[in-house]
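Visitor: Listed here are the chains, written in short residue letters.
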Amino acid sequence: MTYLRITESMVERSSLADIQSAARRLADAQRRVSSGRDLVRPSDDPLRAAKAISLRNELALVGELRGNVDDAINWQEVADRALSNIGDYLQRARELIVQGANDPVGQRGREAIATEIDQIIDAIKQEANVTYGGRYIFSGTATQTAPYTPGGPDAYNGDAGVIERTIGPGVRIPVNVVRGGALLGQGQVANDGLILDTLRDAADQLRSGTAADLNALRSTTLQALDRNIDELSRARAEIGATQRRLEAAGSRLADLELTVRTLSSQTEDADMAEAITTFASQQTAYQAALRATASIVQTSLLDFLR
Amino acid sequence: MPTISTFLGLQTALRGLLAHQRALDVTSHNITNANAAGYTRQEATLGASLPLELLPVQTQSFGGAQLGTGVEVHEYRRLRDQFLDLQARGSATAKYFADARATLLGQIEEALAEPSDNGIQAELANFFDAWAKLANNPESAAARQAVLAQAGSLAQAVRDLDARLSAIAQTAQSEFTTTTQAGGEVEQLAREIAQLNVAIARAVQLREQPNDLRDRRDLLLDRLAQLASVQVQDDPARPGSVDVLFGDAAAPLVSYDTVTWPQTLTSPGGRLGGLLAIAASGGTVDQYRAQLATFARNLADAVNALHVTPFFSYTAGNEAATLAVAVTSPAGVRTGTSGAPGANDIALAIAALRSQTAGPVDQYASFVGTIANDARNANNEAARTAAVAEAAEQRRQSVHGVSLDEEMTALVRFQRGYQASARALTTLDETLDVLINRTGRVGL
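Line order of the protein sequences matches chains A and B. Taking our numbering, the leading residue of the first sequence gets 1, the next gets one more, and so forth. Taking our numbering, the leading residue of the second sequence gets 1001, the next gets one more, and so forth.
No false leads were mixed into what you were given.
Each computed EDC-like pair below joins lysine to aspartate or glutamate, with the alpha-carbon atoms no more than 20 Å apart: (1) A:K51 to B:E1123; (2) A:K51 to B:D1117; (3) A:K51 to B:E1110; (4) A:K51 to B:D1362; (5) A:K51 to A:E257; (6) A:K51 to A:D38; (7) A:K51 to A:D269; (8) A:K51 to A:D271.
Keep in mind that the hints were calculated from the coordinates and are not lab data.
The following block holds chain B by itself, in its conformation from the complex:
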């Protein structure tokens, strides 16, 4: 007869108890982390343990056999799909780029305050109205005063708008600088990724499964992908470690345990890319300010050309920020070329600028139109990329996310498995009880 341990069954049942306990542990790990950001659900893969080899002599048929010894946990699997990560990060980069642009353009649009009774359009209309009233009453000191006051108000509105545009660009630029400077968010994320690289590579070498460390690293990579485009490459020399390329920076941001930062970014995509596109020198705000300056210069030149003596003053190259009224006293406002008190040809000509084709009014309207179209396109792009990013995130959640119903079902399943294993143990125990305590007690 083959020699198989009497207690093999006890061992098998014990394996069942232990394996189910591990499976329950994993399930409860999943449940407790259901709401943890970046958590990937795990699964204890159960499989039969190594069987007991029975030699041919041990079997009646002399064919040899393998006797099952129960169950064990083969691995703790992390249910993550790298390709969904790629998709989700790519679409998040596009979304955050469009978001940053749309938000900044929205602020610019609010600074315009058009169409309303307080914008530059209204100031322009009031300015020309004042000239028209002066043309009707060229003798009136009050009408001259009104022209000066309106002109001052118009110049102030142009300067204010320029200052607000510049402030919006500065705020965006300083957010960019704060995020990218040494010790900023990018570097902090990169340093943590480098540390995780080291920890994960060591764990992989020891054939451990550093699931939660990988989750943490993926979460940090997600965060980086919001800031700028990110490329993640496996490091062939050190399994488990990754190299990270960030935006259009020349050198890898993270290479195993090395962080190379700060580096120059010109068009990195993501939130940083959006900020740069608006606020960098030569960016959107600079273009708007140049348009506003052209408008201010043309307005001042057109009025000055009619008004014999300079009416508006400005500094060339910085027209919008320096537009001011050059005439200081009501007496300096010229209404007619002859200088006669009733002459109004100059006032008439200046008031007529409002209906000039491609004149100041049209130029300002087209300036507003440019911003409106840009803002609309940015809003549309933000909505589109947000929908794509949300879909990618949903797909990722569908694979990575924890479903509580599923975990509850697993909980019930593993609990039953544990109970059954325990029952098997009891049954074996009772069987052995007969053998140990009752056998050979005949006549006692």
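So here's chain A without its partners, still in its complex pose:
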């Protein structure tokens, strides 16, 4: 812009405006350095602010999902350990049944074996009553109720409710794979051919010791027990598969969290090297503006007139 005349107030106004804008830029640069953040107010860059907010939400979501996955994995581990113990008991029961089905043991021996099988039944119920975080994991959603009563009736006390964990947006996975008494069953009253029913049958047959019962013990009961052991293995395989799926989801989420965290930091945080360089150069600019103003304001025709 060209002006006809330059007056003192013009020089003063423009010097002041320049100093102020230099000071403002310096304050901005200083704020970036001291806060470590590039984005202090949304209006600094509305697009980036929107991105920053959605990244923050995503970060919170990923954090939640990782928590869910960790919890579900622990749950599966507890369930698997319990089923593995039950499997050991079943193997022991099978050995005892095979042993008891042989004549040389005699009736006294068979009764002793039957007693041990009774104890195994109680031990299996005890295993099925395993808790994780204060809840019974084989009770369906009735997590405050023990599924079985050791030393009592064989009835299942829980329900068949599914408990799920969210492991991705819209992705849910049931964590109580075994529920509703599906493995152990409800005992002889229900006559469901499941573990408790089979073991109770075996104990009864051992105690009675008649040829027909022993025959049944050798054939039907032993076959039923083998079926039970198969089913247990299948359940464990299913839990194992769930666990692998959870672990894959977990490591994917860990990667995602790192990516989102990096992106979020890139969106919101200041690049320190750049911020400090800018700060230093703004400081120089500010000092230059001050110096220039000082020398302009000092000089006047008055200095040269006698």
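Since the structure of chain A is already known, use the hints to place chain B on it.
Guide: Frame of chain A, contents of chain B only:
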């Protein structure tokens, strides 16, 4: 021989002394007012005084002649350009409008406190986190308590934001009222302009030049132009007086000595216009509050629909200010439809709201986005109009302002003129000395 006074030269030199003295007076008036706001530099226009008419018989050629009689001050000129005033006032109105909006939107933005760990976005994230934790531990009383606490904190944050928005609007509204009410700044300025109108019109009638009164009136008009748009019309009936139209007020604010105020303003421009645009009923803040209320209602409805019994409560039509948690005890927090202690389908569904498309999280983000964009536009407009206003002001200063270097030069020039006139007087005096004191003293 023509008869011309012997002492004409003395008179001429005296005129020179007096004219230069006046010019020095004007220069020193300029210098002393160099930093006075609204001052317009003045100039003593020097010109030859009326010449002495010599009749044809008085000259040898019988042609007649005019004999110069020296110098006099023709006028004290006020170096002001009305069009630059128009430009400067127009751009100041735009600047103050944009400034008021940008400042208020900046306050609104600060009230949001986004993106940060303390804003509603963070509260929302914590709220959904609490539900997710409850979904993992539906039996836990602590997790229920945490859900209640987070929900309370979220509702509080929404209510606080609404209250802060409302307070910002109220402050702006009360500034508007204080400025425009009877006896407020607008009326004070208008009354002083009316008084100056009377004084200036009288001075003009007496062929005086009321330069400093005009400066004062222009300064007041500048101040009015910051508050709202101003139109200044010369009053044809009373030279020197002006009528002032203010904003979109129906009647002229000032007409000669009459002030018509208070009047209704709806979109006056200037600072008052900026305040109204933000704070008036149906203005920007009201729109934001309506958006916040929609967000609060949708959030509460979405959670309530999943939570069988009402989880959030609100008063329809005033959702953001009344959002509260309806559930009072941890036992009232429902985790599953079956009511079994381990059932978590409700908690899962509520926690899943966070990743719902166009759900509460998206709605809040778009609310922040709206404000961010508005604030950015307002900041840009403020910077743009400030640059235009500054340029107009600089142009005006270039013409109206006092340049000390220039005044110092004038000072030297007029001082030399005065000295030379004085020397002329001395020379004439010496000449007359010969005539009066030495002539006719032969032999004495």
